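For this one, chain P is given, so just place chain G on it according to the hints.
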Amino acid sequence: MSAIDGVFAQLRREGQKTIVPFLVAGDPDLEFTAELMRRLPEVGIRLCEIGIPYSDPIADGPVIQAAYTRTLERGITVRAILEAIRPVAEQTPITPITMVSYAIVYRHGLQQYVQEAKRAGVAGLIVPDLPLEESPPLAQLCQQEQISLIQLITPTTPKERAKRIADQTTGFIYYVSVVGITGERNQLPPELVDNVAWLREQTNLPICIGFGISQPEHVRMLAPVADGLIVGSALVRRIAEAKDQPRPKAIQTALEFLRQLTAALKPNK
Amino acid sequence: MSVRLRDVPDKRGRFGPFGGRFVPETLIHALEELTEAYEAAVQDPSFQAELEGLLRQYVGRPSPLYFAERLSRRCGGAQIWLKREDLNHTGAHKINNTLGQALLTVRMGKRRVIAETGAGQHGVATATACARFGLECVVYMGEEDMRRQRPNVLNMQLLGAEVRPVRSGARTLRDAINEALRDWMTSCPTTHYCLGSVVGPHPFPKMVRDFQSVIGRETRAQCLELFGRLPDLIVACVGGGSNSAGMFYPFIEDQQVALVGVEAGGRSYRPGDHAATLCFGRPGILHGAFSYVLQDDDGQTLPVHSVSAGLDYPGTGPEHSYWKEIGRVRYTAVSDQEALEAFQTLARDEGILPALESAHALAEAMRLAAQRPSEQIIVVCLSGRGDKDAAEVARLLRLEIP
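Chains as they are written, first to last, in this note's numbering: chain P, 1 to 269; chain G, 1001 to 1402.
Hints listed in this document are in silico derivations from the structure and should not be mistaken for laboratory results. Here the structure is a predicted model, which is why all the values come from computation and not from measurement. Misleading hints may appear alongside valid ones.
The following label-pair restraints were derived from C-beta to C-beta distances [to be verified]:
1) P:Gln-260 <-> G:Ser-1268: 51 to 57 Å
2) P:Gln-140 <-> G:Arg-1398: 55 to 61 Å
3) G:Leu-1154 <-> P:Pro-216: 46 to 52 Å
4) G:Arg-1012 <-> P:Ala-197: 28 to 34 Å
5) P:Gln-112 <-> G:Tyr-1269: 25 to 31 Å
6) P:Gln-10 <-> G:Asp-1297: 46 to 52 Å
7) P:Gln-112 <-> G:Ser-1268: 51 to 57 Å
8) G:Arg-1164 <-> P:Val-193: 31 to 37 Å
9) P:Gln-112 <-> G:Leu-1154: 47 to 53 Å
10) G:Arg-1150 <-> P:Pro-41: 52 to 58 Å
11) P:Gln-140 <-> G:Gly-1134: 48 to 54 Å
12) G:Arg-1004 <-> P:Asn-186: 51 to 57 Å
Where is the CB? At the ideal position from N, CA and C, for every residue including glycine.
For reference, chain P alone in the conformation it holds in the complex (with noise of 0.2 Å):
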């Protein structure tokens, strides 16, 4: 069990979706992504992604792999990172998860990796290019610090492996939309719905989907088989495009957008 799970159950009891925020830590400073992070309440939104720069990305399109980039010049770390998400962790109803590399767990040790995180008031962790099979180490210690794995199925993940990452899910599954890299999509493919419906009918988990959703008729799409959308390059794009505004400002526009998906999740509207 992890605070993730308290979400979900809360939604769920008040027939309710969400949309879980991607925000690349550190961009454009720290304190912009905890600030945001403070903010999100005013939105609807309890839970939120943060991304841990890396420098390489296999899975991610332009728009984040720039932002880890530039990120990264400025010469961020993890322990930063984890220091200014405990704060917010610790005085808002935010429950983080962190999007994180393999090669960054492995290298700060899986143990003190997941302690810090822990102490930081992390609830989940994402780890991109940890497929099931070689999940085990971390996965016994995540559950002994009750923070949730969360794990990806794919389109092309077959249906008897699909079933099997469910039962070792925790927190959530992470349904991913499409065969590809993160990135903003005009189109989602047509058989996606039936795809997480299909899922839906294999595990009691929550279903969050993520990779392209970008637009309100995305989220009016999904939001029917789905607990939880997650926009990640979408809202990258636009706090980048809004690093020149005055901060107030920047942290508005992000927020706006969100406020727009978020009203999308309701039906008939």
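Then chain G, alone, in the frame of chain P:
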């Protein structure tokens, strides 16, 4: 009972602790498919016969084992013999692997092939194999490498491949692999990723080693025929490590044969000035495998440097990491300057322009030959020819080109 040295990797692609599969879920099914297709092909005599025929008639194998007499005399010690992979079609060992993978691509019913390239040798070899089998071919290459290996860019284009410049990072091999993997994240249902070295997720380190092992098998047979015994020492360069893995693997259980892998020592041994991963790195994750890497304390990949585009890589094959850990292979590094000197020495003593990658192995072999008696036999894997490097070497030596 310990595992025999030949009997790696295991089913999960582990060489001792090294290897495995650390890639996004999207690629797992494609890797499973490839593993199955490869295992089936290995068991299929018609596949083996077709590959052998191609290696003989198209590549020109077996490649000679040549006694570098004048070079040996200069060193004043052991005999230096060169395994002439530079004489292969396309001028390097890379074609041994790309033909195997092209045959597999056809078997899997895929029509499009992507590849990364550093020095351009793997790119040319992939473009060649794709032309030969009528496959669409896209090669990712860092912009810096396109500059310093220009002849190979033109060759790839003439062979019908599309060369896509990579502008991220240091614009070298590591960045090209990132871009190729990103392409594969989108295209894996219809596209084969023809990875050029013994790196990446399982089954690539095993499969590429197996395709390249023709180098070591031939060398073994040639030594037995010429000398009635195995060589005393074998030297090969190591970037990702495909020519060295192919050379070493057939000798790995012959404990009397010393094996030396030579990495790129670059300008200095400070971080960022070399690409000597096994000498100065530590185990970690990069490009889908657990192996030695050059990383900072936060897990970020460090910049690397080498005069040789093919060795300019912050990782290495997991089997090399295994051989290092168990002490079967000794790994060392040779500087840019020493490699450039070896390049010129071989050119003038033997009339052979070696690839700058291979010149690293030569430099170490010359050093070792001088310390050993004349009855000893040293084999150097001359993994590629140096035409591609001529302009860059001229620039570095400030030679006037009329």
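Results for each hint:
no., hint, in the structure
1, P:Gln-260 <-> G:Ser-1268: 51 to 57 Å, "54 Å, holds"
2, P:Gln-140 <-> G:Arg-1398: 55 to 61 Å, "59 Å, holds"
3, G:Leu-1154 <-> P:Pro-216: 46 to 52 Å, "49 Å, holds"
4, G:Arg-1012 <-> P:Ala-197: 28 to 34 Å, "33 Å, holds"
5, P:Gln-112 <-> G:Tyr-1269: 25 to 31 Å, "28 Å, holds"
6, P:Gln-10 <-> G:Asp-1297: 46 to 52 Å, "39 Å, violated"
7, P:Gln-112 <-> G:Ser-1268: 51 to 57 Å, "32 Å, violated"
8, G:Arg-1164 <-> P:Val-193: 31 to 37 Å, "34 Å, holds"
9, P:Gln-112 <-> G:Leu-1154: 47 to 53 Å, "50 Å, holds"
10, G:Arg-1150 <-> P:Pro-41: 52 to 58 Å, "56 Å, holds"
11, P:Gln-140 <-> G:Gly-1134: 48 to 54 Å, "49 Å, holds"
12, G:Arg-1004 <-> P:Asn-186: 51 to 57 Å, "55 Å, holds"
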